[in-house]
Amino acid sequence: MKSSNTSLLRNLPSLKALLFFNTVGKHLNLVRAGEELHLTQGALSRQLKSLEEHLGVELFRRGPRGLAFTQEGELLYDYSKRAFETLGVGLRHLSVVTERQTLMVSVARTFAVRILASRISSFLAENPWIDVHIDVHRYFVDLESSGADVSIRLGKGDWAADRMQCLTGDAIWAVGNADVKAVVSQRECSATNSFILRNVERDYWETWLESGRPALAADDALMLHFNDSATMLEAAQTGAGVCLTRGSLAMDAVNRGVLVRLTDDEMHDGLNYYAICTARAAQKRAVDLFMNWLGEAFTAHGMPVLP
Numbered sequence: 001m002k003s004s005n006t007s008l009l010r011n012l013p014s015l016k017a018l019l020f021f022n023t024v025g026k027h028l029n030l031v032r033a034g035e036e037l038h039l040t041q042g043a044l045s046r047q048l049k050s051l052e053e054h055l056g057v058e059l060f061r062r063g064p065r066g067l068a069f070t071q072e073g074e075l076l077y078d079y080s081k082r083a084f085e086t087l088g089v090g091l092r093h094l095s096v097v098t099e100r101q102t103l104m105v106s107v108a109r110t111f112a113v114r115i116l117a118s119r120i121s122s123f124l125a126e127n128p129w130i131d132v133h134i135d136v137h138r139y140f141v142d143l144e145s146s147g148a149d150v151s152i153r154l155g156k157g158d159w160a161a162d163r164m165q166c167l168t169g170d171a172i173w174a175v176g177n178a179d180v181k182a183v184v185s186q187r188e189c190s191a192t193n194s195f196i197l198r199n200v201e202r203d204y205w206e207t208w209l210e211s212g213r214p215a216l217a218a219d220d221a222l223m224l225h226f227n228d229s230a231t232m233l234e235a236a237q238t239g240a241g242v243c244l245t246r247g248s249l250a251m252d253a254v255n256r257g258v259l260v261r262l263t264d265d266e267m268h269d270g271l272n273y274y275a276i277c278t279a280r281a282a283q284k285r286a287v288d289l290f291m292n293w294l295g296e297a298f299t300a301h302g303m304p305v306l307p
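Read in full-length UniProt numbering, the sequence shown has 241 at position 241, and its numbers run on one by one without any break.
Bear in mind the hints are in silico, worked out from the structure with no lab data behind them.
Since this is a predicted model, take the numbers as computed values, not measurements.
Yeah, the Cβ is synthetic: ideal placement off N, Cα and C, and Gly gets one too.
Don't take each hint at face value.
Said to hold, decoys possible - Label pairs and their calculated CB-CB ranges:
| id | residue 1 | residue 2 | range |
| --- | --- | --- | --- |
| 1 | GLN283 | GLU206 | 25 to 33 Å |
| 2 | PRO128 | THR238 | 13 to 21 Å |
| 3 | VAL31 | GLU85 | 22 to 30 Å |
Claimed, not checked - Keeping only pairs whose Cα atoms sit at most 25 Å apart, straight-line, the calculated SDA-like set for lysine to any residue is:
| id | residue 1 | residue 2 |
| --- | --- | --- |
| 4 | LYS81 | LEU18 |
| 5 | LYS16 | SER122 |
| 6 | LYS156 | TYR204 |
| 7 | LYS156 | VAL89 |
| 8 | LYS156 | LEU222 |
| 9 | LYS81 | GLY66 |
| 10 | LYS16 | ARG46 |
| 11 | LYS81 | THR102 |
| 12 | LYS26 | ASN255 |
| 13 | LYS181 | GLY239 |
| 14 | LYS26 | ARG82 |
| 15 | LYS16 | THR70 |
| 16 | LYS49 | LYS181 |
| 17 | LYS81 | GLN47 |
| 18 | LYS16 | HIS54 |
| 19 | LYS156 | MET104 |
Given these sequences and hints, build the entire structure.
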């Protein structure tokens, strides 16, 4: 009996694969499932294909009207749905006996708005006993004096920290909305009637142009200046103009089609987002879980990797 159980466990698909399948089954739509999981449609299709190959059965029929269960897929969805519901109940009961902890996260505003806000719910669902406080700032804060457990900041990773984790491997992208992209294409990489959107605190345009990359806007284009990347990206999404931004900040919007890359050209400035914590904070279970979750979440959701 023991060897039989061991063999069964060895042949089970991963929990992540079943979660992806369960989410697609809930929506029967790859786009909506991808939005919930923060995965591209292509990445999700590959995950489903891998699961089907592992099980040796087809789970969905793909037709002009979208997805439909096969007989095997409907059976697996029924069981997987009940399994995840049961697991959720068990985790909630477990949290009752877990001592509550507070986790203070100091994070740059743009990272919080463009990246963390859409992902943090999965950490909270996995760890309902942790009270997370997000402290948004524009500049570096001192971990020791601020009381923050974890700081997420942009830089070269050269800070004194007892635990440090690189979250993104960024390149600088040129982005705008689809209307701006159409104009750029028609005008041979020179968008008229569009602003050049510039971040006054971190402006990449001079370096971009000096390196011979496409101008993307007319010589007489007006400038629109921002002191906040999140606001600049919101303006770009409405069609205000062309901007240069970190790929990690634009990736979700690009995956949704809200923004598009105006050229495949990109450049690197050697800066990335890092999560760091002190030795004092690292002793807290909540901090350890959060740092581990950050690594897993950013790998799973396809953030830009280091070149």
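Hints, verified against the model:
The supplied range of 25 to 33 Å is broken by GLN283 and GLU206, whose beta-carbon atoms lie about 45 Å from each other. For PRO128 and THR238, the Cβ-Cβ distance of about 37 Å falls outside the hinted range of 13 to 21 Å, so the restraint is violated. At roughly 24 Å, the beta carbons of VAL31 and GLU85 sit within the given window of 22 to 30 Å. Between LYS81 and LEU18, the direct Cα distance comes to roughly 9 Å. Compliance with the 25 Å bound is thereby established for this hinted pair.
Of the supplied pair hints, the one linking LYS16 and SER122 holds, its CA atoms being roughly 13 Å apart against a limit of 25 Å. Our distance criterion of 25 Å between C-alpha atoms is met by LYS156 and TYR204, whose separation comes to about 17 Å. Under the criterion of a C-alpha separation no larger than 25 Å, the hint pairing LYS156 with VAL89 is inconsistent with the structure, at around 42 Å. Distance check on the hinted pair: LYS156 and LEU222 sit about 32 Å apart at the alpha-carbon level, beyond 25 Å; violated.
In summary, the hint linking LYS81 to GLY66 is supported, as the alpha carbons are separated by about 21 Å, within the 25 Å threshold. Between LYS16 and ARG46 the CA atoms are separated by roughly 13 Å; this keeps the pair inside 25 Å, and the hint holds. Our distance criterion of 25 Å between C-alpha atoms is broken by LYS81 and THR102, whose separation comes to about 31 Å. Distance restraint check for LYS26 and ASN255: the Cα-Cα separation of roughly 21 Å lies within the 25 Å cut-off, and the hinted pair is therefore satisfied.
A hinted pair counts as satisfied when its Cα atoms are at most 25 Å apart, and LYS181 with GLY239 qualifies at roughly 9 Å. Of the supplied pair hints, the one linking LYS26 and ARG82 holds, its CA atoms being roughly 12 Å apart against a limit of 25 Å. Simply put, LYS16 and THR70 have alpha-carbon atoms about 21 Å apart, close enough for the 25 Å limit, and the pair holds. For the given pair, LYS49 sits about 33 Å from LYS181 by alpha-carbon distance, which is inconsistent with the 25 Å threshold.
For the given pair, LYS81 sits about 18 Å from GLN47 by alpha-carbon distance, which is consistent with the 25 Å threshold. The hinted pair formed by LYS16 and HIS54 meets the criterion: a straight-line CA distance of about 13 Å does not exceed 25 Å. At most 25 Å may separate the alpha-carbon atoms for a hinted pair to count; LYS156 and MET104 meet this at roughly 23 Å.
Of the numbered hints given earlier, the model fails hints 1, 2, 7, 8, 11, 16; all others are met.
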